[in-house]
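Asks: One letter stands for each residue in the lines below.
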Amino acid sequence: MQIACNVYDDYQDAMTLIDLANPTRFLTLTARLLPWLAALTAILLLVGLYQSAMAPDDYQQGATVKIMFIHVPNAWLSMFVWGVMSLAALGTLVWRHPLADVAAKAAAPIGAAFTFLALLTGSLWGRPMWGTYWEWDARLTSVLILFLMYLGLIALWRAVEDPSRAARAAAILTLVGAINLPIIKFSVDWWNTLHQPASVMRMGGPSLDQAFLIPLLVMAVAFSLLFVTLHLAAMRNEILRRRVRALQMMQVSRRSA
Amino acid sequence: MTALAALITRDLKIALRVGGGALIGVLFFLTVVVLMPFAVGPDLALLTRLGPAILWLGALLASLLTLDRLFMADHEDGSLDLIVMGRAPLELACAAKALAHWLAAGLPLIVATPVLGLLLNLDATATSAVALTLLAGTPALTFTGMIGAALAVTLHRGGLLLAVLVLPLSIPVLIFGVAASQAAIAGPLSFGTPFSILCALSLVSFVIGPFAAAASLRQGLD
Amino acid sequence: MSLGPYTSFIVTSYLLAAIVVLMLIAWIAVDYRRQKQRLRELDASGMTRRSGRSAADIR
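Residue numbers (numbering that gives the first Met the number 0), protein chains in the order written: chain A, 0 to 256; chain B, 0 to 221; chain C, 0 to 58.
These are calculated hints, taken from the structure and not from any lab test. In this text the structure is predicted, and so the values were computed from the model without any measurement. Note that the Cβ used here is the ideal one computed from N, Cα and C, for glycine as well. There may be inaccurate statements among the hints.
As the list claims (entries may be wrong) - Pairwise CB distance ranges (calculated):
#, chain 1, residue 1, chain 2, residue 2, range
1, A, L45, B, E75, 54 to 64 Å
2, A, I213, B, R156, 45 to 55 Å
3, C, V19, B, V39, 35 to 45 Å
4, B, L43, A, L193, 22 to 32 Å
5, B, D76, C, A43, 15 to 25 Å
6, B, L26, A, W133, 32 to 42 Å
7, B, T192, A, W133, 53 to 63 Å
As the list claims (entries may be wrong) - Quick partial rundown of chain A residues pointing at chain C, CB under 8 Å, derived from the structure:
#, residue
8, G61
9, L224
10, L225
11, R240
Work the whole structure out from these sequences, hints included.
Replies: Below, the structure is given as structure tokens:
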């Protein structure tokens with residue numbers, strides 16, 4: 000399958016959607032796109048940060064509501080990235096496409112990082128709200144399980160030397176996870192209502208005022224763009240890594256010949 | 000059908016003969032439960048309260064321990080390749096193997112539950128509730144665990160990786176298994192609600208497990 | 000801009016988010032450099048891709 004990457008190099012057709020699936024075309028496009036994406040991400044992040052700094056205090060939560068502007072985008076991305084990996088997993092299993100393998104592998108550490116941030120900011124938000132860093136709250140708990148599943152997936156990727164074999168195993172685990180995550184979410188919600196401590200204040204309970212909604216949306220778009228940028232760059236690294244691997248294998252076989 | 004029946008009887012015979020190791024799971028279950036009082040103290044009231052949770056955790060770990068054997072031995076002696084190439088649909092073959100595995104490794108856990116319930120000071124209703132939830136829930140553990148076992152065997156890695164992959168997927172079964180047993184013992188919830196969800200989880204795993212395991216064997220063994 | 004009694008929590012969470020994101024960016028950038036370096040080394044040792052182009056040519 001690594002050789003396949005190099006075979007793709009030979010095709011030089013007009014740019015079509017199918018051509019995007021050609022790793023070399025992908026590299027060209029990425030090189031052209033990345034500076035623009037990075038700049039746009041930086042601008043949006045700055046605007047979002049400014050707006051969240053200017054946002055008024057919540058009448059109930061005070062200034063701690065500002066944590067929401069980074070907590071919610073990370074929590075949303077933690078699920079979105081699993082969705083991206085599930086689509087890539089379909090590409091791996093149905094079309095056996097090397098670029099889908101690359102996309103799935105590059106997304107996993109980034110998704111894990113966003114999930115980790117969602118947990119971290121959630122527990123830092125929980126300390127003023129609940130008086131404790133960790134509450135076995137339904138949302139925090141299901142994000143924690145999601146984090147564990149990301150780590151399991153990364154462990155699976157790292158356990159196998161052959162990238163295409165690892166890709167197929169990881170694709171199956173990703174899809175099983177995608178089916179299981181709603182079930183896990185439901186059971187954790189159910190378990191939490193059963194064991195609900197009386198003093199807990201629900202996070203994000205009141206509906207959002209526009210003064211919070213606009214910075215939140217800007218931050219969400221900025222973080223999503225951040226993910227796209229990082230994902231493209233990580234995919235490029237992974238393609239180059241595979242090229243290095245293929246060339247090294249050729250070198251070894253040439254030496255022994 | 001005869002091919003699947005033959006597969007089940009073969010797996011059962013292998014599991015129960017010397018070196019099959021099906022009963023190791025029960026021994027592990029017994030050991031985990033006996034260890035518990037040393038950790039929390041011999042307070043009978045506390046043990047009664049924790050009893051269902053201890054039994055469920057023990058059963059979960061014991062079924063995880065034996066999962067490794069589901070495909071590994073067949074992979075080593077080559078019979079897994081024959082099953083993959085055979086005329087019986089691989090999904091059904093996987094389901095048959097999981098059923099045989101559950102009969103050999105899961106059912107003994109349920110048989111052992113009343114004895115262990117005595118050690119944890121559970122009364123007859125509590126013990127039978129835990130045994131009933133284990134009867135409904137352990138198939139789900141086996142069938143979702145089979146996915147991890149199939150992945151592990153195609154990657155030539157077992158043990159810890161399998162546990163890391165499978166344990167998060169078994170959280171719903173644990174939640175509803177323990178909740179149903181607690182509901183039967185102490186209330187206030189009715190036993191029926193969590194128990195029916197537990198049965199539903201088992202039924203879902205009967206569908207997802209064989210398909211995912213068969214897909215992973217097909218993708219991985221070529 | 001006053002952040003009330005919980006300033007440290009707000010500042011810490013923004014700081015930690017910045018640190019994690021910067022670490023991600025740094026990791027990806029360093030990884031890119033490393034792969035390019037390896038490709039250049041392979042190129043110098045005379046390895047070419049099947050398409051006949053040089054190994055370090057990423058386009």
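Asks: Does each hint fit the structure? Answer for all of them.
Replies: Here is what the structure says about each hint:
no.	hint	result
1	L45/A / E75/B: 54 to 64 Å	holds, 59 Å
2	I213/A / R156/B: 45 to 55 Å	holds, 49 Å
3	V19/C / V39/B: 35 to 45 Å	holds, 38 Å
4	L43/B / L193/A: 22 to 32 Å	holds, 25 Å
5	D76/B / A43/C: 15 to 25 Å	violated, 49 Å
6	L26/B / W133/A: 32 to 42 Å	holds, 36 Å
7	T192/B / W133/A: 53 to 63 Å	violated, 28 Å
8	G61	holds, 5 Å
9	L224	violated, 12 Å
10	L225	holds, 7 Å
11	R240	holds, 6 Å
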